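Enquirer: Fit chains B, C, D and E with the ligands to the known structure of chain A by using the hints.
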Amino acid sequence: GEVEVLHWWTAGGEAKAAGTLRALVEQEGHTWKDFAVAGGGGEAALTVLKSRAVSGNPPAAAQIKGPALQEWGELGFLANIDVVADKAGWDKLLPKTVADIMKVDGHYVAAPVNVHRVNWLYANPEVLKQAGVELPQTWDAFFAAADKLKAAGVIPLAHGGQAWQDATVFEDIALGLGGVEFYRKALVEADEATLKGPTMVKVLTTFKRLKGYMDPNRANRLWNDATALVINGKAAMQFMGDWAKGEFSAAGKVAGKDYLCAPAPGTEQAFSYNIDSIAMFKLKGDNTAQLALARLIMEPTFQETFNLNKGSIPARGDVSMDKFDDCAKRSRADFDADAKAGTLVPSMAHGMAVKTDVQGAFFDVVTNFFNDDAMSAEQAAERLAKAVKAAK
Amino acid sequence: MSLESLSHAPRGHARTLIHLVLIAWAGFYLLPLVVMLLTSVKPLEEIRSGTLLSLPHALTFEPWIKAWSSACTGADCRGLERFFVNSFAMAIPAVLISTAIGAVNGYALTKWRFKGSDLLFGLLLLGCFIPFQVVLLPMAQTLGWLGLANTIPGLVLVHVIYGLAFTTLFFRNFYAGIPDELIRAAQLDGAGFFTIFVRILLPISAPIIVVCVIWQFTQVWNDFLFGVAYSGNETKPVTVGLNNLVNTSTGVKEYNVDMAAALIAALPTLVVYVLAGKYFVRGLTAGAVKG
Amino acid sequence: MSALEIRKVNKRYGSVHVLKEIDLSIESGEFLILVGPSGCGKSTLMNAIAGLDEISDGSIHIGGRDVTHVGPKDRDIAMVFQSYALYPSMNVAENIAFGLEMRGVDKARRAQEVARVAKLLQIDHLLERKPAALSGGQRQRVAMGRALARQPQIYLFDEPLSNLDAKLRVEMRTEIKKLHQRLGTTIVYVTHDQIEAMTLANRIAVMKDGVLQQFATPQQIYDEPVNMFVAGFMGSPAMNFIRTRVVRAGSHYGVSVRNGAGRDVVLPLPERGNGLSAWVDREVVLGLRPEQITHVTPHRLERPLVTELPCTVEVAEPTGPDTLILIRMNDQEVAARIEPHAQAPVGSPMPLAFDMSKAVLFDPATQQRCH
Amino acid sequence: MSALEIRKVNKRYGSVHVLKEIDLSIESGEFLILVGPSGCGKSTLMNAIAGLDEISDGSIHIGGRDVTHVGPKDRDIAMVFQSYALYPSMNVAENIAFGLEMRGVDKARRAQEVARVAKLLQIDHLLERKPAALSGGQRQRVAMGRALARQPQIYLFDEPLSNLDAKLRVEMRTEIKKLHQRLGTTIVYVTHDQIEAMTLANRIAVMKDGVLQQFATPQQIYDEPVNMFVAGFMGSPAMNFIRTRVVRAGSHYGVSVRNGAGRDVVLPLPERGNGLSAWVDREVVLGLRPEQITHVTPHRLERPLVTELPCTVEVAEPTGPDTLILIRMNDQEVAARIEPHAQAPVGSPMPLAFDMSKAVLFDPATQQRCH
Amino acid sequence: MATAIDAVRASARDTGFRDTLQRWLPKLVLAPTALCALVFIYGYIGWTALLSMTNSKMLPSYTFVGFDQYVRLFENERWLVAAKNLVLFGGLFIGVCLLVGVLLAVLLDQKIRSEGALRAIYLYPMALSFIVTGTAWKWILDPGLGLQKLGQELGWSSFRFDWITDPDRAVYTLVIAAVWQSSGFVMALFLAGLRGVDPSIVKAAQLDGASLPRIYWRIVLPCLRPVVFSAVMILSHIAIKSFDLVMALTGGGPGYSSDLPATFMYAHTFTRGQMGLGSASAMLMLGAVLAIIVPYLYSELRGKR
Ligand SMILES: Nc1ncnc2c1ncn2[C@@H]1O[C@H](COP(=O)(O)OP(=O)(O)OP(=O)(O)O)[C@@H](O)[C@H]1O
Ligand SMILES: Nc1ncnc2c1ncn2[C@@H]1O[C@H](COP(=O)(O)OP(=O)(O)OP(=O)(O)O)[C@@H](O)[C@H]1O
Ligand SMILES: [Mg+2]
Ligand SMILES: [Mg+2]
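Chains as they are written, first to last, in my numbering: chain A, 1 to 392; chain B, 393 to 683; chain C, 684 to 1054; chain D, 1055 to 1425; chain E, 1426 to 1730.
I should point out that these hints are in silico values taken from the structure, not numbers from a laboratory. Careful: at least some of the hints might be erroneous.
As the list claims (entries may be wrong) - Label pairs and their calculated CB-CB ranges:
id, chain 1, residue 1, chain 2, residue 2, range
1, D, V1070, C, Q1050, 47 to 55 Å
2, C, E1000, D, V1159, 33 to 41 Å
3, D, R1170, C, Q1051, 29 to 37 Å
4, D, E1108, B, L412, 20 to 28 Å
5, D, A1169, B, V663, 56 to 64 Å
6, D, R1302, C, R941, 49 to 57 Å
What the hints assert, rightly or not - Sample of chain D residues with no beta-carbon within 12 Å of chain C, all distances over it, derived:
id, residue
7, E1075
8, G1118
9, A1220
Source: prediction; values computed, not measured. We put the beta carbon where it would ideally sit given N, CA and C, even for glycine.
One chain only, chain A, in its complex shape (with noise of 0.2 Å):
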């Protein structure tokens, strides 16, 4: 059979994981149409597979991920691959969490690839070293950490303008601040209440202090851009998920020893995921391919490659962590640990938490409460509920 594979994998470590999985799927004797659509975090390529799912002619498979899968599922696109997943007992190899997911009413309808921790903090040894600092664990030692790398001459957060990192730190914040609680009221159920509550505003008002610890040239830098400041040493540290590690790879730096990670101040007890997903689409003809995919993504030997390249961690828990760098492996433990206890949370900045209309509704308000320093850390709040409801 054929399967069509539309995703955004499309350059450098990405593409050839995405190469992997094709790899893959033509040892068994199917054809892989590759239908990559690279542009801002996969707008471009669900423009794309709207245009095609209106033309009547949808891909097999398609990257899609979180709350959109259901949004997708209800409009009755996606397929049932229950087949699949009961075979090879996905329910067993993946936490519950990762699992619920995957399902619309109860029914697989997608394959997870991979896990992102998106809560990490990076730094430089060399750079904390020369301020004498210690990467900091919570927010005031982070604050006392960052006057002493500004008092150093360097640049203590490296940031790039973007919305979206705008809203990774600040969803990092809530996190360390407000608890797994305060998070899933506010950035998951959206509630009302407690998006104007005194912890978003005190959220708010730490975050708006960050700015000072920021370049002023930091608007509109894409991230790995920012990333190249830690590893060159003029910044000291970047909230960032863990795909960053690729950068530092690509530029020779070893994990644990050129550079650190740690979860970002708070954050120790919790685990952002942002997880990428391959949903299945409902087809006219022959599904044999397509069931093969979704088969063949949720094996180890895909799901190791995939993830040594794209810096995450298997979706499933059984893959064995060996050749995985230092962060991913404390990724893995505390991903484990963190389903115990209940305390992954989805990545709102990365469209796992809400539907897209609400993401963006936070989107707006975070980044331009950040970049307007007219605006209080109240007014914020009090837009941001506004914003939301609106959204809804």
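Expert: The following block gives chains B, C, D and E with the ligands in isolation, referenced to the frame of chain A:
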């Protein structure tokens, strides 16, 4: 026109000044190109550390070769090469058809006015102000019905349709300046609608054809939205490839390859500019009509 | 059957009413000349005949067929545009051959025709040039050639010779006359050259402000103008208009004039069968052409209705073959044409012979002719 | 000091040599008229004077200053283009006012000038129109108005009246004459109208194929042409050229002609101080203008050098004031101009008076005048 | 005999048909275009108008909600910023492009020997897609990398050019890049127009004493009114559709201070699953543009008469 034929075009200081202004502007236009060119021949480390306009310490053409033949654009690592054919297969017919129709439209609208012809033109023009994003979904549906979804003819159709307003505009406004007497004389000579067009108007339309082709070719060649939405797996135009190469979301950014790829993707358009530029000849109407 | 019939044609450009109820009809083979002051609507009428401008009202018939709504290319008309309208991208030969090509004439014949026409118009050395590299008169001749290469039912010529020198003009005029005689084609021709109008036309239509004033043979227009406008318009130098009064002199009538010297004389009027009794003692305008006032020679005075009057030369203007002099009558300037050798010095007296046989009278109120 | 001096000017368009060693010079306030066949280079010369076309060779001086390399805007010249060259985007008033505006004339003055010029040219009702909505003659008058609004050192008029009707033309001619007399501006004027040339010019330059043929006063050009080209070119209808032979008749010379009836006669030649002895019995071309051959009237024969000859009317062409008749002499067609009433019917014999006082002779080989 | 008559009739009918055809030809030729416009432009506009009255989310749905979406739009801060930016950006972009385009075309028309090369240089930005040039521009405008740094390195230490990081000025950087890209084409449009102007009117103007700049300003450019019209149409089209530009250069940032309606509309329709709101914004955008363009269009098309 005009000053080419005049004896007393500016001389001396004025001339030097004109040259200076023109060259200064050229500098402004060239700046990004220089940046891109320099970047495309630097190794990645140098880009990370160096400054924008510094000359490369270690000149490398690796990025160009990679962009052309081996860069990954998805699970496919064959570079941009393979997209070129698609882009040509799409752009050439789309440009020719829309230019031809636009020319005839412009001619009919100026020299054969009828009640409502201005209205028709107005409506056509206004239409081009709908954001293309709006037409994305309904057009997808329409193409699906026509059985043209994800095919090159489908893309050609889309580009022709949405290019018509402007090609018509160019020609209409050019022909508006050509004396009606010429058409009248030809009518009396017994020439019909198309004969007049082909024999009398086309031979003096070179400058506007150039403009129109430049515009349309650029639009079609550089279009991403329609290209990505309506192309199929094997029919993707080069912009989609370029985008995939450049717009990686969470991977390592190879700026040098990106820049090389962009320059490669732009080459055909550049060639069109240089070739078509030759036909920016002087107008020929001078002397045909008095008064 | 009339070759061309124009019935109550009106043409308006927005609020400008350019042609007003034009009614004309000419027979096949006739040569019609349109004259009138600049801007009176001649070109507009030509365009209407050719079908290039939609008329606002009325109808046009060619060879008995109503062509009001027929396209220009099906009217079988060739036209020389006042503004030339040469095809800028074609050279002279191509310009001339285009009409033939459109009518399916084969290449050899076309070349032959082009050669013939070019020779006729003396532009055979220019065949390879583009219009932009031609002089004004050369362009005009190419425009002419374009029409002459064809053999249509009707030719329309809109001031086709205005940019040519006198010599060439005479030659071209002769060619057109020959062409007309040989082919017997119907021709409508606009000109402001009186000689052209008089020598070429079978009939002349005089227009003014979009209204047809008189439509008659050249001689009638010249000798029997219907109103002062026509009388003044045709003829160069123009007819003299002298305000005067009709007097009865026995069984005859005359007009009384007072020459520059202050003497009152009665000039006899020719008998024309229309009683002038109603006009006696009323003011009229006497129309007398300059060539009818000339120097005195004995034999001239023997002719009837010729009267000698002493006058004074006020201005003299030699034009080559003749000299124009201005004298004063009834306190108005009056032009006379004399042979150069006969001229008396400016300011000195000179007797002149007034030939009244072709004198006409106009009603000063309506400006219509009354005798 | 000469107002305009043209020294050995040459102009080539690629391989076409349009102006050949033109040498001209006129005084301030003179009225120079350029005539010549279509395509002889008149407009090119005008363009060269105005500085619109670079000349290939030679120099041009205005008011004593060498302006060969001065831009047109600094030559202080106003010009009426043969092709009008109106500004299509401006209305008539703006077209006329533009030159004034460019020279810093204030608004009120401009309006006043526009009004004055428009009135003069009878286009005051058209001031708001764009050129495209004008008739040919109206456009030409606007072009004229544009020049007349200014008061430059030199006016250049390139066939400024060619599209006007005879009446308007006469009026305009008079206006130009008045203008010239009032302002005393130097004027260079191209025309193909002989009357215009004769009545307006102080001096006429006759050109042919880019070569200046004769440069003299109108009367000289008319009466004493230097060669057959000039003689034939000026005058309408053109001078008759009759191949004949010089004979000696006592102390005088004459030419022998044979009229239609086959009779040989000797026509006396005027005495001009240049011995004709070298030409006796040699073939020459006799130049005699049509108005010098006319019907016989007694007094006319009394004048010296007038000879009566019996002839036969072959063709008659009435032109209004006169009638042209063709007779045959030395087996050549010869035109004569007579008064309409004197005309004998075509084909019948008619005696004509030949006035030889202005007859000229040309060398048939060189075409130069020899007597 | 009958056949001969038939033949005559047939040919009469034939010419009648050809006549009619000739008369209808202009309309016939325009018909496909008209049809396309009707279906693919106005049909889709209608469809969008319809959607703007529904609460369509990720994909079109037809639950009508009246003008709710429009109300929400006007309460949306970001939309207001985007709309304001369009006015600013559009106005400046069109104005500067026209100016630069005319200027360059006129200068290039002075018998410049290297015209061909310069023309190609001015045009080339059109050839490059913003997907990549955006990056180059971002670098150039980046205070830490580009011009500012260059200026400071060259010794002008107080030199500042950091608009791209300033929420109040970021939109001007869009103007710079957009002008860079489009002004060359406007130049080409004008150059083509200049080449069609009758040289003799320029000669006449020279004699009237106009200096070269004045000749262009008063005589030549008024003749190019149709070209200006084309250029304005093209430029407004580019302005309201500037999408790639914003995405590549500022991403709408800092914050959403440099957002434009096109990016707003795209984000809501496709990325954020608020198709109803997106459609409403598209309709408003269209409405606003029409409010400006229609009178201009009307006056231009009337003026021809
Ligand atoms: N661009 C050109 N290239 C070649 N020949 C040209 C060009 N322009 C004019 N000529 C030729 O130069 C000659 C003189 O032209 P010019 O316009 O001066 O004639 P003219 O005397 O004004 O004639 P007319 O009375 O017909 O206006 C003509 O034979 C014409 O064909
Ligand atoms: N498009 C137009 N709009 C308004 N008036 C016009 C238009 N075209 C021509 N006219 C007017 O119509 C009248 C007749 O024009 P037409 O060209 O027929 O004159 P004409 O008799 O040919 O004059 P000429 O001898 O000067 O060529 C003129 O007064 C002219 O101004
Ligand atoms: Mg006319
Ligand atoms: Mg000329």
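Enquirer: Next, verify each hint and record whether it holds.
Expert: Against the structure, the hints come out as follows:
Restraint check, V1070(D) to Q1050(C): a C-beta distance of roughly 53 Å satisfies the suggested window 47 to 55 Å. Separated by about 35 Å at the C-beta atoms, E1000(C) and V1159(D) satisfy the suggested range of 33 to 41 Å. Against the hinted window of 29 to 37 Å, the Cβ-Cβ separation of R1170(D) and Q1051(C) comes to about 34 Å, which satisfies the hint. Separation of E1108(D) from L412(B) is about 26 Å and conforms to the stated range, judged on CB atoms against 20 to 28 Å.
The supplied range of 56 to 64 Å is met by A1169(D) and V663(B), whose beta-carbon atoms lie about 59 Å from each other. For the pair R1302(D) and R941(C), the beta carbons lie near 56 Å from each other, so the given range of 49 to 57 Å is met. Every Cβ of chain C is farther than 12 Å from the Cβ of E1075(D); the closest lies at roughly 19 Å, confirming the non-interface assignment. The beta carbon of G1118(D) sits about 31 Å from the closest Cβ of chain C, which is more than 12 Å, so the claim that it is off the interface holds.
Separation of A1220(D) from chain C is inadequate, the least Cβ-Cβ distance of about 5 Å not exceeding the 12 Å criterion.
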